[in-house]
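Novice: Spelled out from the first residue to the last, the chains are:
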Amino acid sequence: MQKPLDRRSFLKSSLAAGTALALPLPAFAAEDTLNVALIVPSPAADVGWSHTLLAGAKALEEFGPGVKITLLENIAEGPDADRIMNKTVADGNTFIILGSFGYMNGGLKLAKAHPEIAVLHASGYQVAPNFSPFGARYYQGTYLMGMAAAALSKTKKLGCVGAFAIPELITSINAWTLGAQAVDPSIDVSVVWVNSWFDPASEQEAAKALLAQGVDVIFSNAQDTPSVITVAEEAGAYVFNLNSSMKAYAPKKYLGVVGTDWSPYFKANARAHLDGTFAGAAAWLSMADKVVYVADLNPDIPADVAARMAEVQAATLAGTLSPFTGPISGQDGTEKVAAGVTLGDDMILSMDWHVQGVTTPLPK
Amino acid sequence: MAAPPLLSLEGISKSYGAVRANRGIDLTVDPGQVHAILGENGAGKSTLMKLIYGVETPDEGRILWKGRPVTLANPADARALGIGMVFQHFSLFETLSVVQNIALIVPGSRATLAGRIRDLGREFGLEIDPDAMVHDLSVGERQRVEIIRCLLRAPDLLILDEPTSVLPPQGVERLFATLRALRTKGMAILFISHKLEEIRALCDVATILRAGEVTGRLVPRDHSAADLATRMIGRNIPPPAHPVAHDLGEVRLELAGLDHAAEDPFGVSLSGLSLAVRGGEIVGIAGISGNGQKELAALVSGEIAQPALRRDTVRLMGQPVGDTGVAGRRRLGLAFVPEDRLGRGAVPEMSLADNALLTAHGQGLVRRGFIARAAERAFSARVIAGFDVRSRGPEAEAGSLSGGNLQKFIMGREILLSPKVLLVAQPTWGVDVGAASDIRQRLVAMRNDGVAILVISEELEELFEICDRLHVLHKGRLSPSLPTRTTTTEDVGTWMIGGRAA
Amino acid sequence: MRLALIRRDTAARGAMIAAPAVALVLTILCSLVLFAVLGKPAGTALYALLLEPFLSWYSFSEVLLKMAPLCLIAQGLAIGFRANVFNIGAEGQLVIGAIAASALPVWYPDGTSALMLPAMLLLGGLGGMAWGAIAAGFRTRFNANEILVTLMLALIAAQVLNYLLLGPWKDPAGFNFPQSVLFPDAALLPILLPGTRVNVSLLLALAASGLAWVVMRHRFSGYQLLVGGMAPRAAAYAGFSERRAIWISLLVGGLAAGLAGAAEVAGPLGQLQRSVSTGYGYSAIIVAYLGGLNPLGIVLSSFLVSALFIGGDNAMVSAGLPVAAVWVFQSLLLVFYLGGLAFLRYRLVVMHRPAQSVP
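Residue numbers (my numbering), protein chains in the order written: chain C, 1 to 364; chain X, 1 to 502; chain Y, 1 to 359.
Calculated directly from the structure, the hints in this document are not laboratory data.
Values in this document were obtained by computation on a predicted structure and should not be read as measured data.
Hints are supplied without guarantee of correctness; some may be wrong.
With a Cα cut of at most 30 Å, we get these calculated DSS-like pairs of lysine-lysine [to be verified]:
no., chain 1, residue 1, chain 2, residue 2
1, Y, LYS40, C, LYS58
2, X, LYS195, X, LYS475
3, C, LYS290, C, LYS252
4, X, LYS185, X, LYS294
5, C, LYS68, Y, LYS40
6, X, LYS195, X, LYS185
Calculated Cβ distances over 12 Å to all of chain Y for the following chain C residues [unchecked claim]:
no., residue
7, GLY66
8, ALA76
9, GLY92
10, ASP188
11, ALA310
By construction, the Cβ of each residue, glycine as well, lies at the ideal position given by its N, Cα and C atoms.
Start from the sequences and build out the full structure, keeping to the hints where you can.
Specialist: Written out as structure tokens, the structure is:
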């Protein structure tokens, strides 16, 4: 049951985010009261997915002293999460941020039962008048990292430790592969799925398995701890990850971060909620929205590649470049995107195939 | 003047409530002497050793160590003097290594201790790897650890409580070699046992205990095993009141060439056991405990079932039952009073009423799978009234009864099942004199009513009093049938130590 | 001088009442320190932890919802525990039960038959029993320790669930997320209390409790299991089959856990997903022992443990307690309570040793 993105509302929200950042925030009166609840599936540690969501939510405190943020971490998906959502609303929270796909059905029910609240839901696909799914266009950043990886790889073998084979992660891997091939067409990418959002032991095992195959650049795709990062650093392989920088864990071999800064999006929606103008819509946030960014790039990246990366980033920001512009072949060599055609968002959002160059078959 | 003895006891007495475990005991032990303390179960040997080792304090009398009176308030005092003890049940931590166990008690660094353990091992034939984990050791090796732990403190006196009861025969030989080596070093050894051959083989002097009193001091090598047995069991066995002979019924319980290989290394293997018990007779199994009594009882009761191939070796009411379980044999009319009451004959945490249900469930106490509470209470009330069980009634927990009263309850429960065959192990252990006499009368009355009864007992007097015939069990083999009318206690004593009657 | 615990002749009635009260007071005192260190409002936290589950209708209904699987599983486990058969892997039996029950709605996602729900419960129960039967077979045939086998089987069950959700049973419209289709209404348990999530599985749990009480209290078969647990040699002496006790224990435990698993997917979850395994099978072990392995005690303990869980969730929301602090609070209460229970059977005495005199 996938709903195509509503471009208009998407534009509106990104526009709002833009203004929020650009202007010196005049309108936030001290009497604004806003009770925010953030529910995340893992501990909101110093790094990782939950951490960036919390940092984004904390930015709402700029609205004034009337903003109260309640963090509910380590909440298992399922009936317990549903109850906790209910409890947050009963306790007077009206702006709810749900940090995991698995909270979708419960969150949707909650939104329907309480029209006065606004719910933002990470990584989902369902939309309701007061229920907005949101996600980040990580692929814009991973394409850049692919270019860097190809420039630094000696074995020409790249590897990815992935959490779940869902479109969001598949897209990131495909863009990474395409970025690498833009620098060196002979690049191979292997993927190991650990089928968990949080399993540091398995993640490290997966990383070691990749290294054993000769991989010398690793993509830690949606891990919440530096599990993969530390393994790669020890083995002398370059490594990058998503959401927040883990450079501290790999001072030598850290390739960079495809980071997310949710504060522009959260602020815009909170403002809309306070003003009574909140409207449920899917938001797929990009570099242009200042949500997705690339940082902490490794100085080992050769200057010529770094220059090319800067060009690509500028074109991405300008909206003139998408990694998913044809010709693109699937793993079996068949044409997936014809030359000159750029995939629409709906096609990217439901991507269930790998591009040529990813050697691991996708789990069925 | 001669040096004083190492240890002397003068008029030592110790009572537990009404039980006088030790009465006026005198004992002297000299250096370089292996001194046996000989006696039946319950003769007071263990109590005496606890007094010497400071586990208990005597009510009367005094203990002299090297001629000076001492008070031993606890084992630490005894160890400080130079007394070491190896218990029947070991006190080692299985999850620690040998040297770690020893370091808990003996001061010194691990490395030094390990060296001394190896030295002692070489000197006395007690080789053991100091770094081995205790749980990996055999029972014999664990005993060596216990002995080494004592020896490391260089004691003058070493007490060994039934040390051979846990050892296989080869282990016994090895232990004896160690003890002889210690003797030549001048150490005194107190050796507790009821195994006569061993005492004759090893000991220089023996003190015989019976019913808490010293009944003899002798040099065991100068006496026959039969003589020792008689002295240990006691001369004054009352003249057997042989039951009146009467007509016997059919064979109800029959063992035909029953073999059993012990499953654990310290069990006793049985070989070629044959006997028959007819309706209307009591057959006794005599013998010193540890000669296969437990195994025999379990093989007859069905707690140990045989493979189907050997089902014919046990026959009950004419049917082969060797491979039948307890329930099946009970259905054929077998009832059984085991030697352990708590945890086997009865569940301590359950009421007497619920304990009646244990074996009497076939007596209308269960209807359509439901426990008939009224019938259960009535049955246990009948047992309590009929066998003078002193208790608060059917609701009393079995564990709250004294041993004798619980024995009466179990005996009564099994008798009220109206069995065709009754197996009784140690019918009167721990039961007071009056109740014991009651129980014996009940057994004889059942015999007169035509029940086939097999009694396993260590009390020879009791067997002579109630049995028509006896077999003696020795090292897993049965003597021929000995009619009690024409057999003397001396004959039985000879069989008990493995000899043949003259 | 030293302290020693001496066994009492009979359980102390006073201690029976005092134990929970003392445990509660001690827990509150300790947690006041904890909350002060964390800088959290103690009053709000304690209200949310201890009182709100009983004072707000919604929280109370959630207590009942969570109590149902805990109670059901604990009743099944307690029967085995009393027979000294330690089924530690009820979580695995629950997962297999949930899987077996989900087969029907996964294969017939548009099913409307009234038979769907009873068939799901039946399949769930059978699935749990089958998982328990593996452990029983290993124990009776190879004398393999059932604690280990059931625990290992729980890990295997989790992998079976993973396989199905990532592969054949994945919702085709679910963007590769590991979960099944949403079940049709015919596959969902009816709601018992309107306006809440409490479904008829609560009745199932209470019925099972009554049944367990009858069996363990009044049936000869229950008595045989008790004897086997209290005094195995007495059971052998009386001729009660140990194999039978093992089979009954593991089958009943598996049945209860399997039913609970079926009730979870057909109840609050409404689909098969990985979160079906949230540790009910393990929590039920605590529930069973807290309830003294007594069927009526378990009804009470499952209610209280469930309330404790709900209270913990509440405190995270209302008082902003970190989840670790909630766990500390819950563990403190259990530890103090179990410690207090020791005084039911034992009393503390001060031992004076006689003066030593060694010349």
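Novice: Each hint should be assessed against the structure and marked as holding or not.
Specialist: Hints, verified against the model:
1. LYS40/Y - LYS58/C: Holds. LYS40/Y to LYS58/C sits at ~19 Å (cutoff 30 Å).
2. LYS195/X - LYS475/X: With a Cα-Cα distance of about 12 Å, the restraint between LYS195/X and LYS475/X holds, given a limit of 30 Å.
3. LYS290/C - LYS252/C: The hint holds at about 27 Å.
4. LYS185/X - LYS294/X: Distance ~40 Å between LYS185/X and LYS294/X Cα, so the pair is violated.
5. LYS68/C - LYS40/Y: Holds, because 15 Å separates the two Cα atoms, which is no more than 30 Å.
6. LYS195/X - LYS185/X: With Cα atoms ~25 Å apart, LYS195/X and LYS185/X stay inside 30 Å; holds.
7. GLY66: 17 Å, holds
8. ALA76: Violated, since 6 Å does not exceed 12 Å.
9. GLY92: At about 10 Å from chain Y, GLY92/C fails to clear the 12 Å cut-off, so the statement is violated.
10. ASP188: 23 Å, holds
11. ALA310: Given that every Cβ of chain Y is farther than 12 Å from that of ALA310/C, nearest at about 34 Å, it holds.
Hint compliance for this structure: hints 4, 8 and 9 are broken, all remaining hints hold.
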